[in-house]
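Add chain B to chain A, keeping to what the hints say.
Read top to bottom, the protein sequences are chains A and B.
First residue of the first sequence? That's 16 in this note's numbering, and the numbers climb one at a time after it.
First residue of the second sequence? That's 151 in this note's numbering, and the numbers climb one at a time after it.
For the record, the hints were derived by calculation from the structure and aren't laboratory data.
These figures come from a predicted structure and were not determined experimentally.
It is possible that part of the hints are untrue.
What the hints assert, rightly or not - Distance ranges between label pairs, derived from CB positions: (1) B/A439 <-> A/P59: 34 to 42 Å; (2) A/T449 <-> B/S182: 29 to 37 Å; (3) A/L470 <-> B/S182: 54 to 62 Å; (4) B/A380 <-> A/T341: 20 to 28 Å; (5) B/V415 <-> A/A111: 20 to 28 Å; (6) B/S182 <-> A/G438: 21 to 29 Å; (7) B/N414 <-> A/S78: 54 to 62 Å; (8) B/L171 <-> A/L375: 43 to 51 Å.
Don't be surprised by glycine CBs; every beta carbon is placed ideally from N, CA and C.
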Amino acid sequence: MSDFGLSIAASGLNADTAELDTASNNLSNINTPGYAQEVVNLSPEAAAGPLQAGRGVTVASVSELTDAVYESANVAAEGVQGAANQTNQVMSSIEAVFPEPSSDGLSAQLSTFWSDLSTLAANPNQAGAQQTVAADASGLAEALNSTSTQLSQLSSSLQSEVGTGAADSGTLAQVNQLLNQVAQLNQGIVAGDSAGQNVNALSDERRSAVDQLAGFLGISTSTTAGGALTINSGGVQLVSGDVAQTLVSTGSAATENLGIATSSGVALQPSGSIGADLTAVNSTLPGYQAQLSAVANALAGGLNTLQANGMAANGDPGSAIAGGYTGTILPNIFVDQGSTSMYTPSTMSAATIAVSSAYLADPSLIATAAAPGPSNSNVVGTATLDSANAQAMAALAGATTGPDTLYQSLIGTLGTQASDASGTSTAATNLATTAAGNLASISGVNQNQQEVDILSAQNAFQAASQAINAINQSFQSLLQAV
Amino acid sequence: MGVADITLSQAITQQLNQQELSIANLEEQVSSGRALNKPSDNPAAVTQVLQLSSQASQLSNWQANAQTATSWLGMGNDALNSVLDDMQSARTLVLQTLNQGTQNATTYEAAAQQLQGINADLLSTANTQYEGRPIFAGTSASSQAYDAAGNYLGNTDTPNVVVGPGAGSGQTADLSVPGPSVFGAGAASVFNTLTTVVGQLGSGTPTATQLNAALTALDANISTAEQASAVLGNGSNQVAAVSASLTTQLTSVQNTQAGLEDVNVATVTTQLDSQMTNYQAAMWAASQAIPETLVHFL
Numbered sequence: 016m017s018d019f020g021l022s023i024a025a026s027g028l029n030a031d032t033a034e035l036d037t038a039s040n041n042l043s044n045i046n047t048p049g050y051a052q053e054v055v056n057l058s059p060e061a062a063a064g065p066l067q068a069g070r071g072v073t074v075a076s077v078s079e080l081t082d083a084v085y086e087s088a089n090v091a092a093e094g095v096q097g098a099a100n101q102t103n104q105v106m107s108s109i110e111a112v113f114p115e116p117s118s119d120g121l122s123a124q125l126s127t128f129w130s131d132l133s134t135l136a137a138n139p140n141q142a143g144a145q146q147t148v149a150a151d152a153s154g155l156a157e158a159l160n161s162t163s164t165q166l167s168q169l170s171s172s173l174q175s176e177v178g179t180g181a182a183d184s185g186t187l188a189q190v191n192q193l194l195n196q197v198a199q200l201n202q203g204i205v206a207g208d209s210a211g212q213n214v215n216a217l218s219d220e221r222r223s224a225v226d227q228l229a230g231f232l233g234i235s236t237s238t239t240a241g242g243a244l245t246i247n248s249g250g251v252q253l254v255s256g257d258v259a260q261t262l263v264s265t266g267s268a269a270t271e272n273l274g275i276a277t278s279s280g281v282a283l284q285p286s287g288s289i290g291a292d293l294t295a296v297n298s299t300l301p302g303y304q305a306q307l308s309a310v311a312n313a314l315a316g317g318l319n320t321l322q323a324n325g326m327a328a329n330g331d332p333g334s335a336i337a338g339g340y341t342g343t344i345l346p347n348i349f350v351d352q353g354s355t356s357m358y359t360p361s362t363m364s365a366a367t368i369a370v371s372s373a374y375l376a377d378p379s380l381i382a383t384a385a386a387p388g389p390s391n392s393n394v395v396g397t398a399t400l401d402s403a404n405a406q407a408m409a410a411l412a413g414a415t416t417g418p419d420t421l422y423q424s425l426i427g428t429l430g431t432q433a434s435d436a437s438g439t440s441t442a443a444t445n446l447a448t449t450a451a452g453n454l455a456s457i458s459g460v461n462q463n464q465q466e467v468d469i470l471s472a473q474n475a476f477q478a479a480s481q482a483i484n485a486i487n488q489s490f491q492s493l494l495q496a497v
Numbered sequence: 151m152g153v154a155d156i157t158l159s160q161a162i163t164q165q166l167n168q169q170e171l172s173i174a175n176l177e178e179q180v181s182s183g184r185a186l187n188k189p190s191d192n193p194a195a196v197t198q199v200l201q202l203s204s205q206a207s208q209l210s211n212w213q214a215n216a217q218t219a220t221s222w223l224g225m226g227n228d229a230l231n232s233v234l235d236d237m238q239s240a241r242t243l244v245l246q247t248l249n250q251g252t253q254n255a256t257t258y259e260a261a262a263q264q265l266q267g268i269n270a271d272l273l274s275t276a277n278t279q280y281e282g283r284p285i286f287a288g289t290s291a292s293s294q295a296y297d298a299a300g301n302y303l304g305n306t307d308t309p310n311v312v313v314g315p316g317a318g319s320g321q322t323a324d325l326s327v328p329g330p331s332v333f334g335a336g337a338a339s340v341f342n343t344l345t346t347v348v349g350q351l352g353s354g355t356p357t358a359t360q361l362n363a364a365l366t367a368l369d370a371n372i373s374t375a376e377q378a379s380a381v382l383g384n385g386s387n388q389v390a391a392v393s394a395s396l397t398t399q400l401t402s403v404q405n406t407q408a409g410l411e412d413v414n415v416a417t418v419t420t421q422l423d424s425q426m427t428n429y430q431a432a433m434w435a436a437s438q439a440i441p442e443t444l445v446h447f448l
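The following block holds chain B by itself, in its conformation from the complex:
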């Protein structure tokens, strides 16, 4: 009983094949830079990578939404600042008129014109648009939030975007506030207040009662706008916090994914190196073993 020559050659062939397979596998890893090239390379890691990349994609979507929210809210905050300035100027003007006592019609006319200018400025701010969409029109499809007469054309729903996981479609961030929450609703709106006082001044004989009523109304309008400003400011802060947290999460998910998916070049090249040495040793052994038989020494 001995080793049959066919066994020897088959064993050598099989061993060399197996070594070639693992060299090919390592070579693929090095050249592609990826440790996972097919599901069977590491089934658990591949499933995890798919989950992580789908998670990363969701985080990026939320991140993009948070940026949209930041732009909307930034625009809203700027608008609110200008609205509050305008309202304060209007209030100062009405107060001055009241304090100056009875004036002639020309003076009233001048004040009326100034207030009309402020009203126009407020209307234009109220129709501020983000990418063609009025930011104070709620979720309405109307192309303007207010018409020239100061009538509200939007609805009272607040537009929002999803910025994170949560109940329903996820955690939402409001993009803006509907117009009435900034400018007052219906008869109490700042446009109505200003139109009324402009009319009274224009008549040339405004009464102290009328001017006092205008002051009270403007105070209410200012308070509404200040609340809206606070809401938008809070919104901005929250979105900034969410956005920072999303960035952290995204980085962590991408790092984990890269750790699973990317080749550790140092490890793999070392493995490849040692595999090549083994392969060469095996080939050398084969080259020694195959030709050597008794016949060479006869």
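If we strip away everything but chain A, and leave its shape as in the complex, we get:
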């Protein structure tokens, strides 16, 4: 070479510029999701001959700092966190449906109803006491209806939160978009890599998409030799190379079989927030509906049985002891909504329990007196102030399988589940923070470090400039001397 070392100094300037550019880029992306800090890999140019100096430096590559183990741990933690946080939110919403302990919860309403019956037992023919029992029975039925409806609404709102997978506002639509994005980025990365281009920006973008997917679905990833990322979730491959599956929802919340499948019909069992939604819709919420209905069934069953086997203060008999009685026969107290006479216990009966219109129209039609028997002188059709049957109704308050006990056990289960969900959510968040911190300790940008890098690149740049200046002056002196 005959440029007196100018090209050597210039290669230094190039390398320093690359370092400055990279540090600036790192600092610009300090808060960009998925961004991994970049470093300039320099390599010295070997000397041309044994007695010559080296020929400067070249920029071999600008590479991202990442760690495969930390990355996959981070993706796993994001999935766990997504599921735990969503479960926690669902449990908080369910808790809001059951305002306990308070003076306006179902528990307090039940207590009031038993007190009404106890008062009625002391005054079996008092119209006011009869009216209060009927009104509060009605209030109880409405409270059960409304609680059940709120649970159903929660279920259907979770279903619409997941969405159909088509272009709606659901999370499944976002998932599909992200899966497509990953497939396209795979294509770009594989192509760019093989052409020797810098694909760091593409993999940053892909990492950000993968993080979001992990929260939604809970995924596992693997990288192929060409640089494409394969994504699996719930046992199904969702992205392979540049091909992404499209996910759709199947079933429905109403039938408790909401599911996720690929458009070709392969079902998958996702975790993440969508997995938590499916569990809530298919199992958690129906579980609470069933427990609530057990409360309704115990209430209706207990009172209707006593009603059928007793007589009203005016002597009208219940259906079980009416025989050939030709007068009014006491109606059921609780019926299915829409029916005038029947109550059928079912897993959705809290939604449909109602007070029969015949009883509401005439609250004196309640069986306060016991059926005629050896321990009393009651006669069907003859008025009596015996209140043995009303006492038995009031005593349902303390029954071991009565509505109160069943409701208390529902609240106990709910409290435990909600408190577990909250603990799990905190633990999962801490886990995810740790995993993200581990990854960031490799890939994250530290401002101080970048600033030191900038200073040292700046110093090196100035030194290289000085070298150029020195060579230039030497060259000039030589020219003047000639």
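Frame of chain A; chain B shown alone:
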């Protein structure tokens, strides 16, 4: 390898969030005065509170029933005292008439009128009502226990209320006794006794045998009424004991419930205070840590 700035800011955000959550929780406890605001606050305690409040409600119902029983029994005891006085007066009157030997018709007529007055008084006592319900008519829906002729209109069942836990619908307390247990049944009733002797005196020629028979009958009536009085008196004592025990139980249940449900203000405010200090310290640390980078010193 170092701490990435994004890690630092995320960690600070998360820590501050967690502290804000526990401050919000403590603040809710202080302002509502309740330690349990939702089932997950303390699942075991919430279930216990629900059980306790349902138990307290039952105890209150029993307490109310015991008060009803106390009123009924008090009324019954008063009635019985007046019944026994009347019966004693009748007995004294019959005995006097017997001891005075043969009298003229006017004297007999006067005695008959006095006995008739006593009979009317007894009938009125027998129809004593509590809130519109005759207390000596058993569980009958009749508006009167006895008609004007002294015939019993009620039944022989004893009305009662539930005052505590127990077999069936629970421990019951009788409110009263049916009329025949006080005034005697059918032909042996005090009304029959008095009507008969009034008739005999009214005829002007009562025999010693008739008056002696009336005395024996009245003695039997008095003994029946005394037994009834003893039953009602016992009932009152028992209800008073039950009522006192219910009050004790209710107080204990309510105290337990309050212990679980109510905020211990001293503890919670101390916790809140220390949490606020931690929160302020964390914010101070964050305010120091976030802006400080090398760039400030260049």
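Which of the numbered hints above does this structure break?
-> 4
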